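Spelled out, the chains give:
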Amino acid sequence: MIEARGVEKWYPNGFHALRGVDLTVHKGEVVVIMGPSGSGKSTFIRTFNALEDFQKGSIVVDGIALSDDVRQIEAIRREVGMVFQQFNLFPHLTVLENLTLAPVLVRKRARAEVERQALELLERVGIHEQARKYPGQLSGGQQQRVAIARSLCMEPRVMLFDEPTSALDPEMVQEVLEVMQELAREGMTMVVVTHELRFARRVASRVVLMADGEVVEEAPPEQFFTSPRHERSRQFLSQIG
Amino acid sequence: MEPLIRRLRRELFATPLDGLVSIALIALLLAAATAFVRWALLQAEWAVIQANSTLFAVGRYPQEQQWRLWLLTALLAAATGLSWGLLRGLPHRGRLGRPWPPNDRLAALVLAGLALAVPPALGLQPAIQQRWWLITALLLGVRWAAGRWAPALPPALRRWIPLLWPVLYLLGMVLISGGLGLIQVPPSEWGGLLLTLMQASFAILLCFPLGILLALGRRSELPLLRWGSVVYIEFIRGAPLITLLFLGQNLLGFLLPGGMAPDRVWRAAWVLTLFAAAYVAEAVRAGLAAVPAGQLEAARSLGLPFPQALIHVVLPQALRVALPATVGQFISLLQDTTLLSLIGLLELLGTARAVMANPAFLGRNAEVYLVLAVLFWCCCAALGLGSRALETRLNPYTSTNATTATPAAPAQA
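As you go down the protein sequences, you meet chains A and B in turn. At position 19 of the first sequence (counting the first as 1) the number is 19 in the numbering used here, and the numbers step up by one without a gap. At position 165 of the second sequence (counting the first as 1) the number is 165 in the numbering used here, and the numbers step up by one without a gap.
Treat the hints as calculated values from the structure; they're not laboratory data. There's no promise every hint is true.
As the list claims (entries may be wrong) - Pair ranges (Cβ atoms, derived): (1) B:155 / A:8: 31 to 39 Å; (2) A:75 / B:254: 21 to 29 Å; (3) B:306 / A:205: 53 to 61 Å; (4) B:231 / A:11: 24 to 32 Å; (5) B:289 / A:68: 20 to 28 Å; (6) A:205 / B:205: 35 to 43 Å; (7) B:294 / A:201: 26 to 34 Å; (8) B:316 / A:185: 52 to 60 Å; (9) A:185 / B:205: 54 to 62 Å; (10) A:185 / B:107: 31 to 39 Å; (11) B:153 / A:75: 58 to 66 Å; (12) A:185 / B:294: 25 to 33 Å; (13) A:8 / B:306: 40 to 48 Å.
Stated by the list, open to error - Going by beta-carbon spacing under 7 Å, a handful of chain B positions derived as facing chain A: (14) 47; (15) 122; (16) 123; (17) 301; (18) 308.
Quick caveat: nothing in here was measured; it's all calculated off a predicted structure. We treat Cβ as the ideally placed atom computed from N, Cα and C, and that holds for glycine.
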């Protein structure tokens with residue numbers, strides 16, 4: 001589904017953020033990327049839907065190679081959902097309008113039909129009674145669940161999660177993780193940047209540890225958490241453990 | 001609530017020094033007020049206003065064509081009443097409409113009072129008095145009806161009502177300047193309040209979209225577009241309007257191919273527009289800067305092409321932030337139209353100067369300037385009120401920062 005080969009990125013200030021990263025994500029897999037802050041993990045998944053550019057290497061998403069062609073980038077973005085650390089809901093639109101905006105504008109689907117689907121999705125994430133409210137009236141956890149539903153409303157084939165629980169109050173983390181877990185159980189292909197060990201342990205097909213713009217270790221969760229092969233992984237686990 | 005007497009005592013007479021200062025100031029204010037009233041009632045000669053009321057209103061617009069302006073005024077009054085009534089009467093964002101909030105009752109009373117008191121006080125002709133009453137009655141009548149029956153309006157029709165305004169604007173242009181079977185009235189015959197309002201409304205309507213484009217240009221990644229916008233904005237903001245007006249009168253004739261150059265009135269309108277656009281662009285730029293980068297990223301990640309992301313996600317938020325500063329710009333634009341008198345146009349101030357130059361009205365400057373000030377104040381107050389109504393309607397919930405939002409009703413996950 002996602003095939004990244006030797007991805008390298010330099011920021012305009014010369015900082016070498018990604019140093020030849022490889023990653024393959026198969027259909028239905030949940031790949032959790034971990035690593036210390038500044039390791040390039042967010043930058044890396046943001047290259048998948050061209051929110052960040054890269055200078056070397058190649059990325060193929062759902063059969064489409066990423067290039068500078070805006071048409072192709074938009075084609076990829078239609079199939080790739082993204083959930084952000086800061087939710088990034090549209091504050092001037094109601095919850096329902098947040099969900100229906102893109103399917104109506106981009107997929108050119110009938111509004112009534114999209115609204116029906118949106119309400120179903122909101123019910124699935126447990127907030128359909130808030131559909132007519134504005135994002136500012138919801139708690140952080142509710143907002144993040146709306147953000148997930150907003151992405152799902154485009155019927156993506158892959159979902160990217162960029163630290164989805166890092167901006168949440170601790171008591172709201174669980175409700176968001178449960179929605180994500182449910183999504184994984186239904187077979188959604190997911191790439192998740194997170195520090196939630198329990199989520200990684202329970203849901204991930206593979207865990208990837210990144211440090212200093214490189215992949216240090218890539219392993220199934222049991223192996224990664226119980227007997228990591230690399231010194232850098234052990235160090236990271238002891239720091240967050 | 002605290003009794004008035006005790007509050008006055010606490011605020012004005014807390015200490016002996018306070019008391020002295022208060023007494024001195026009150027005496028001064030009273031003296032000034034009585035002097036003003038005595039001047040207005042006894043010394044001032046309002047004949048200068050009576051004799052020139054038509055000149056102040058429309059300049060030398062031909063007498064036999066003035067019915068067109070009355071018709072336009074009536075249409076505007078009806079449209080205002082309709083929009084006003086619907087704004088209050090329609091349910092909005094889940095809240096029920098309130099046809100007559102207290103402020104609106106007060107406003108209606110003020111309007112009725114003005115209609116009853118001002119024309120006789122100014123000694124206008126009976127025919128004009130009656131038209132004034134009719135138009136006020138029309139405005140309030142439509143306002144009442146719209147507020148009363150707004151909820152019964154079919155939603156399909158509701159969506160088209162804002163379109164009334166651009167249509168009315170174009171119709172107004174035709175009514176004022178002629179065409180479609182009406183006799184042409186050249187711009188050189190427009191004057192007074194008519195010219196002031198035409199210049200201001202033309203410039204306000206056009207500088208807004210131009211300002212948005214300039215602001216977007218200034219934030220563009222294309223160097224040519226960015227630097228072009230920067231140079232334009234900084235040049236305009238660095239030059240005094242009066243200079244640009246003179247420049248426009250002289251230069252536009254050379255710049256545009258023969259025959260395309262508009263006449264003096266339209267040249268001035270374009271200069272005002274291009275001038276105000278630079279300032280609006282800065283207000284909009286501040287608004288754009290206030291929208292977090294994540295908003296555009298979220299919109300793009302959903303597959304929205306850049307123009308759609310801009311129109312549906314970024315601009316609505318940016319313009320909301322930019323609205324107060326933009327309206328401030330509109331108000332100063334309205335006042336800046338007085339500069340047109342310096343390039344020889346007979347808008348309000350130009351008309352006033354022409355009237356005061358008439359030997360028959362020598363020394364009546366105070367009366368004329370006072371009326372001018374009140375007229376401008378009325379126009380600006382109307383702009384300010386309208387924009388504040390728009391602001392409250394656009395801002396149902398002020399929270400734009402999703403992360404700091406307080407939970408309204410945390411759900412059980």
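Tested hints:
1. B:155 / A:8: 31 to 39 Å: With a Cβ separation near 55 Å, residue 155 of chain B and residue 8 of chain A fall outside 31 to 39 Å, so the hint is violated.
2. A:75 / B:254: 21 to 29 Å: Check failed, 50 Å falls outside 21 to 29 Å.
3. B:306 / A:205: 53 to 61 Å: The hinted range 53 to 61 Å is violated for residue 306 of chain B and residue 205 of chain A, with Cβ atoms some 35 Å apart.
4. B:231 / A:11: 24 to 32 Å: Distance hint for residue 231 of chain B, residue 11 of chain A holds at roughly 29 Å.
5. B:289 / A:68: 20 to 28 Å: At roughly 27 Å between Cβ atoms, residue 68 of chain A and residue 289 of chain B fall inside 20 to 28 Å, so the hint holds.
6. A:205 / B:205: 35 to 43 Å: Given a distance of about 58 Å, which is not inside 35 to 43 Å, the answer is violated.
7. B:294 / A:201: 26 to 34 Å: holds (29 Å)
8. B:316 / A:185: 52 to 60 Å: violated (37 Å)
9. A:185 / B:205: 54 to 62 Å: holds (56 Å)
10. A:185 / B:107: 31 to 39 Å: violated (60 Å)
11. B:153 / A:75: 58 to 66 Å: violated (43 Å)
12. A:185 / B:294: 25 to 33 Å: 29 Å Cβ-Cβ, so the 25 to 33 Å window holds.
13. A:8 / B:306: 40 to 48 Å: Because 26 Å falls outside the window, the suggested range is violated.
14. 47: violated (55 Å)
15. 122: Violated. Min distance 46 Å.
16. 123: Because about 51 Å separates residue 123 of chain B from the closest Cβ in chain A, which is outside the 7 Å limit, the hint is violated.
17. 301: holds (4 Å)
18. 308: holds (6 Å)
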